[in-house]
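*Asks:* Chains as they are written, first to last, in the numbering used here: chain A, 750 to 942; chain B, 1322 to 1440.
Derived list of chain A stretches under chain B, where covered just means 3 residues or more per stretch with a C-beta under 8 Å from a C-beta of chain B: (1) 786-792; (2) 808-820; (3) 903-915; (4) 927-933.
Hints listed in this document are in silico derivations from the structure and should not be mistaken for laboratory results. Remember, it's a predicted structure, so these values are computed and weren't measured experimentally. We put the beta carbon where it would ideally sit given N, CA and C, even for glycine.
What follows is each chain in one-letter form.
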Amino acid sequence: MSQTDPAQVDEPRADPDLVAVRAAQNDRAAFAVLYRRYLDRVYGYAFYQLGDHHDAEDATERIFLAALAALAEFRDTGSTFRAWLFRIAHNTIANAHRTRARRPTVALPEAWDRPAPDADPARLVGRGEELREVLALIDQLPDDRRQVILLRFVDELTAREIGVVLERSEGAVRVLLHRALRELAARLAEERL
Amino acid sequence: MPILHTRAVRLDRAVDALLAGRSVALPVDPGLRRLVDLAAALHETLLPVPAGSRLEARLAARLAGRPALGEGLRALGERARRELLSRERLLVAGAVSSAAVGVGVTAYAVWHRSGLRRS
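The following block holds chain A by itself, in its conformation from the complex (with noise of 0.2 Å):
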């Protein structure tokens, strides 16, 4: 008997922005509904990825702009349209890291402590020591654990959105995130001993 994947026991998601996308596709200018819906969660990626805000603004502005430009393309094939733009931001920040492989990166923790200089400071309530903590143990995971844990819990995309990211099965994202929760978990436990 074969083996079922979990994969295939939840039934796709309809793509809630595919009526912004079809306006996007035909008027360019509809795409700011979608870059405004879009531009926290894909710079919170991006600086969550890139540990510093320069960085993240610059490759926002490539993913965005990137996204733009290959929106044509953009099927409705039972991925959603966020789930094709993560993709676009994780290959621009695969690239990003690539091109700086020999610049200092800084750790998640301390690059909370510096937000953006104009960011708008009531959005930036209730973020503590008990987050940069958080952070710290986020920041020693394996990288596929990390992005696992960033792209669900910031970012709130599904398994198969996550999948689509990283190229991986749902069944596979599902068995990653419970993995990085374990281990996370893990190290939680020992930090509090």
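Given chain A, work out where chain B should sit, using these hints.
*Replies:* What follows is chain B alone, placed relative to chain A:
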């Protein structure tokens, strides 16, 4: 279905419920329950990072296909610099300015004299 896959599916569904703000049925398995608790703590702690307002405005302008204000000013400055570097243009600009001043002074003198005559 392997046990790890079953646990991973149950955990992922609990995370789905957490993110959607639905109530989560806590698993009986204490190991899995601990992971769901950790997922809930992560959901509350890890917030999106707000982008700066300058980035938002600059990128919005670039996406709309027009230069941002900063880029526009830079382009204007560059154009002025190029104009000033051209000797011929500088001479023509100087000559036109001098002629304009001369015409202005003459016109004022004529107007002033005619005013004196009337009074």
